[in-house]
Every structure is written in C-alpha cells, then in structure tokens.
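Trainee: Protein chains in written order, with our numbering: chain P, -4 to 369; chain Z, -4 to 369.
No lab work stands behind these hints, which were simulated from the structure alone.
Treat the hints loosely; a few may be bogus.
Claimed, not checked - Incomplete in silico selection of chain P near chain Z, CB under 7 Å:
#, residue
1, Phe14
2, Phe222
3, Ile229
4, Tyr299
5, Pro301
6, Val304
As the list claims (entries may be wrong) - Below 30 Å or equal to it, Euclidean Cα-Cα: the simulated DSS-like pairs (lysine-lysine) are:
#, chain 1, residue 1, chain 2, residue 2
7, Z, Lys15, Z, Lys354
8, Z, Lys42, P, Lys15
9, Z, Lys368, Z, Lys196
10, P, Lys196, P, Lys311
11, Z, Lys132, Z, Lys15
12, Z, Lys15, Z, Lys83
13, P, Lys132, Z, Lys40
14, P, Lys368, P, Lys83
15, Z, Lys83, Z, Lys368
16, Z, Lys83, Z, Lys40
17, P, Lys132, P, Lys95
18, P, Lys354, P, Lys368
19, P, Lys40, P, Lys196
20, P, Lys132, P, Lys42
21, P, Lys42, Z, Lys40
22, Z, Lys311, P, Lys40
23, P, Lys15, Z, Lys40
24, Z, Lys196, P, Lys40
25, P, Lys354, P, Lys15
26, Z, Lys132, Z, Lys83
27, Z, Lys15, P, Lys42
28, P, Lys42, Z, Lys42
29, Z, Lys95, Z, Lys83
30, Z, Lys132, P, Lys40
31, P, Lys368, P, Lys196
32, P, Lys40, Z, Lys42
33, Z, Lys132, Z, Lys40
34, P, Lys354, P, Lys132
35, Z, Lys311, Z, Lys368
36, Z, Lys309, Z, Lys196
Said to hold, decoys possible - Chain Z side only, calculated, beta carbon under 8 Å to chain P, not exhaustive:
#, residue
37, Pro18
38, Val20
39, Pro21
40, Val23
The beta carbon of each residue, even a glycine, is placed where N, CA and C say it ideally should be.
There are 2 protein chains.
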Amino acid sequence: MNEKKEIETQTPKRRLEAFKNFPMVPRVVFGQGSFNQLGNILMPKRKNADAPMIFLVDDVFEGTELINRLPLIFQDQVIFVSADEEPKTEQVDALVNQLKTAFAEPPSGIIGIGGGTLLDLAKAVSIMLNNPGSAAKYQGWDLVPRAASYHVGIPTISGTGAEVSRTTVLSGPERKLGINSDYSTFDQVLLDPDLTVGVPKDQWFYTGMDCYIHCIESLSGTYLNAFSQSYGEIALQLCREVFLGGLTPEESRNKLMMASWHGGMSIAYSQVGIAHAMSYGLSFILGVKHGIGNCLVFQHLEDYYPEGVAEFHKMKQKHGITLPQGICTSLNDYEMERMIDISLGMVPLWENALGSNWKERVSREQLENIYRKI
Amino acid sequence: MNEKKEIETQTPKRRLEAFKNFPMVPRVVFGQGSFNQLGNILMPKRKNADAPMIFLVDDVFEGTELINRLPLIFQDQVIFVSADEEPKTEQVDALVNQLKTAFAEPPSGIIGIGGGTLLDLAKAVSIMLNNPGSAAKYQGWDLVPRAASYHVGIPTISGTGAEVSRTTVLSGPERKLGINSDYSTFDQVLLDPDLTVGVPKDQWFYTGMDCYIHCIESLSGTYLNAFSQSYGEIALQLCREVFLGGLTPEESRNKLMMASWHGGMSIAYSQVGIAHAMSYGLSFILGVKHGIGNCLVFQHLEDYYPEGVAEFHKMKQKHGITLPQGICTSLNDYEMERMIDISLGMVPLWENALGSNWKERVSREQLENIYRKI
C-alpha cells in the first residue's frame, strides 16, 4: 500500500536504509525438548579446556531442574542474573570485567538463557569481550568496530523478538538506547517452547503483547516493505491465535515462540512506533519494564492505532489482565519533561509512525496528556 | 494438530531430525533496485585482484541491461548458462574444472543469477571448488566434508525457494537427488523483485506453483512442526494473494518473491510430498523441468490433496494456463518402471506425505495410473 509513494518521498538516507543488508541468525533449532541438544551444539565451538562457556541465566531458574540440564564441562560458569530490572551498561561492563579477571583465556562463548533482559545482556557481553571501553560508548547505530564472541540465545519467555534482532537495548547513564549492530545478532538460537512452561500469567501477557504491539506498529508504519510486512503479518496472525483463539497450552507455547521470532524479523526493514517510543521514556525515568510499559502506553493510543488498541482491550479482557494505574502521578514537572525528551529523541520510531513530517503531527502536550493517564 | 501423537510414533531417527540445527542465510537484502548494492556487498569479500568473482548467469540475460549492471572488476568472469535443462552433476564438474584451469587463484566467490537451475548450480560449484571428486559423490544427505566458497544467490524468478534452502538438486548419472548440506546454504541472498520483470507468463505460473505445491505438501505432511507451519502458512497466504487476489504487478512481484523465501524456509523441519516425488521421476526420465513437472503431477492428486488441487485448478483457470498433455504416452514399460522406481526412492517425501506406513498406502499401479494421465 502506497509503497511507491513512500519511496518517492524518502530522503536519500531512508532510501539507503531500505536496502540494508540484514543479518539473520545463521543457525536455529526449534522443537519441544530441543534444549537437550545444547551440549552437542556447543561442543565444536569450544576453543580449549581453559576457554569456558559462560551461561548467563535468569535467576528465577536458580535451583531448578533446568540448571541440572546445562551441559557444563571444564571451567564453564553459570552466572545468575536478576531480570527484575532492565539491562544496564554498567552491568554489562561489570560482567565483562568479572570474566576478564576470572579466566586466563577469553570465553569460548556466551549463552543467554531467559527473556529479553538476559538475551540482551548476552549479546552485549559478547560484544564487549572484544571491544574496548564501556558499553555506553556503543549505544546507537553501527558503532561497534569488532565482531562479538560466539553467542547463543535461548528464550524462556516469548514476545520480545530479542532472539532474532540486531539490537541490544541497554539503559546507560545518558539514555536507554540499543547497541544496534550486525554483531549483536546471535550466532545460534535454540527455540524450545517447553522452556516457557511456568511463566507467570501477567508476564506471559505483557511479553506477548510486546510482540503484538510490535506488529501493529511495524505494519502501520511508513518504513514497511513487502519483506517486513510478510513477517509482521504472520506474527500478528499467530498472536491472534494465541491470545484470542482456542489453542491447547502446548500449541499456544509453540505459536507464541514463533510469533516472537517472526515479529523480531519484521523489524528488519521496519521500525516500532509510538508505544515503544513512549515506553522507553517510562522505562528510563521510572524503571518500568519494557513489556508492561508498552501495554501502559498502548492502551491510550486509540487515536493512532484504533483497531489495534480495540483488539488489545479484547485480549486483556479475555485473560483477566488488570493493568496497574497511577504510575505517573508522582512525577514532578522536571521528570515529566525529561521523559518527553527521551521519547521524542527516538526519531526513527516517530518517523516510522507518522512520516517524515512527524514533528508537525505530535506535540509535547499530547505526550504529557497520555503519560498523565498512565 | 496431532503433534503430540506424531512425536510419539516417530522413530528415533525422526525424533533427532525434528531437532535439526537449521542453517539460515546469514545475510539478506530486500528491495526494488537493491541489485545496485551488489558491488558494495561483494567488495569486502574479494580476496585479491587475482581471485575473481564468478557470475553464473541465466543466458536469457545475455546482451541485456542487467549485464551492464554487474559490478565487474579485476579478473571477474561472467559465465552464461542455459536453464533449458535442469542442472547436472557433469555440468558442475565441467564448470569447476574450467575455473580451476582458467585462474591461478581460487575464486573469491560465486554469484548465481537466475532461477532454481542457476541458484543450484552456484551452490554446487561453490561446494565443489573446495571438495574433491565429482559432484555425484555428494548427492544425498550431509556428505560434504568441507565448507563451500563464498556464494551469493540472486533469484530472477520466484517460487523454487532455492535461494533459502540447504539443498542443491542435481541430476546425476544414477539419479536426480540434492546435495543436502549445511554448506549449500548461500552466504548472501539479494532479493530485488524488479529482476523478475519480464518473466514469461507460463514460466511465472509454473515456478510460482512450485512454491504453492511446496506449501500444500509441507502443511499437510506428517513432519510438520510449529516452526515450519508458520513459514508455510505465510507463503501459502502470499501465493493466494498473488494468484487469486487483485494485486498490482509490482505488489505481485514483491509478494511472490517473499512467498518463495518463506516457502523455502518452511522446509526446514518439513518436507515436500507426492507431487515432488513423482515430478522427480518425470524430470529424470523425460527431462521435464521441475516447475511444470510439479503442475503436471499435482493436477491429478485430488485423492491426496483435495482442497489444494481444487484451488490449483482455479489459479490455472484465472491465468489462462493450459498444461501440455500426452507427456507420458510414448513411454515404454521399462521407462515407466524406472520412473516409478525413482519416485518411490524419495523415501522422506513419501513418509512426510503418508506417514511411516506409507508403503501400505501407495502402490506401483496407483503411480502408473497417475503417470499415464499426464
């Protein structure tokens, strides 16, 4: 739709962006129980007995059976990380320092096991093992000079698309912004839907909605082309089956894992939009997590995404989800202004949502009104 | 559907197959006009001035503007190849010998530009530059010991899925069978829908139907899991839009290119079925090309794929396609038996289509009856 028109109005930079040489995950395993293949997958990537595999694992798995199933040999190390807060540049720097101090040889690889937080941490740590300075230095687009260490992504909750994207969202001292680099992309992804058994219902919903909102934003965006559209449409269809259909729990887990995968791919030649831009502000100032932050904003975006917001309310109702309220009431004026600044700083997201003249179509007052409702 | 039941009845080999570590194309560019990026894409892959890029190009492009757009430098060579016949192992061996004789250094890379024939040739040549003996030696599953040269796939007709698959279908002295290897997968794919402008209508239809039949076979197969299902469903949806919807020619080209891509991916954890198995026989004995061969068989498979065959006839009618007749009338008994042998030799395809007890569900007589109708 309007693809021709859109191309004609593109700036030269946008035109070039349309032809981006997109990095795909070069290896993927899918299947219930495929986690048992991890040992075989890692073996040929082990450099020697002194170069360990480092497993960064969401600390909800501490003491669970999953840990007994990790294929640990030699000096391999498991590091449990809390996903209560979103990943931070200092946290990445600290992990990298810890690994450099603890081992004589650089690790053979980094394996992230968890949700978006753990996957993004694994990407960032693998990049920073091979690049100098602080992770904050590389927040932005294509600033990483050297390839990352071998890194594997194993999602245990579905929706973020972090398993397939070339971004690594981090909160730094200055801002929340991804390390957007071809080197972020995982070398290997393992998709075992059984690993998502036991995710708490609220978290399941918020993270799944990350994918749903993702799709609504990319499919209605001005950056869209036929490549991203086809991935976005299948992800949206899968979300509808999962959140509005009558699937068995097993089918639902399988399909949400694939929705996340395709939703992530749909960003290849597209972008997210207003909910993500505003959710970034919410996250940076108040520490609201990404999934729930998107939901908190998206529920009030009926002027921009009318059908998507109506369907979102239907999904919310079907699963008895009640979103928290009054999140922004205690904000002072300075914090509100800062939050609006951060949101408006996400230029590609606004440009995707509203076109190149987006600044004429959105005001600070409109943003404040939406934030005040949250 | 029935996924649980299916897993329980799997043999151990099938179980392992279900967890295959699937190789994806690690780099992809999509966009109308993206062919102009080829020079930039190849530059960092050039080893030195004596290690040329070899462009294997469908000879329909000889003397056309596309050839002027090839980013030729140093000793780069363009080799035009006819796609009138399907690729053969001797042809691969001859091309490899030619390159080894002509250049002091091994090529920097092989770029295949054309339909499935040219893409499969490019894959096979890049493998055989680094592996000893004849290509015939590697027909089968996972027989290639050494990685291929850098190779790029640029489809100029949509439907085969060869741009994304890990197979390289070749006719050898003994049989028509793919080199199924992780090393077959292209290092880079460039998808420029404008390159498919000017494809003759019949060829457009037959090759597009390769994708459509592909999807019908994989979606109704017993090997299917949620990964392959999601790719198959989007490819099928795109085929329906292209062949039954009211798209503009531009949209139609964009969407058929994506249908081919996703259709190819859907084979990751799946397989094609009866039409492909029988089409292989047709191709080996009579030299019938793959796309039209699939159509010739599929039209008579209403007992196996009733809805798909009905929809196929609708598509055929809408585009005024008349399939040739009397293809098999001149076959003698020996040739017919040989054709049935070759078809029944495609065990994974039959097993996917009819389950592990497939031998009880199909007879030589049934196959002969179908072949005699063609």
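Trainee: For each hint given before, does the structure comply? Return the numbers of the non-compliant ones in rising order.
Mentor: 4, 5, 6, 19, 22, 24
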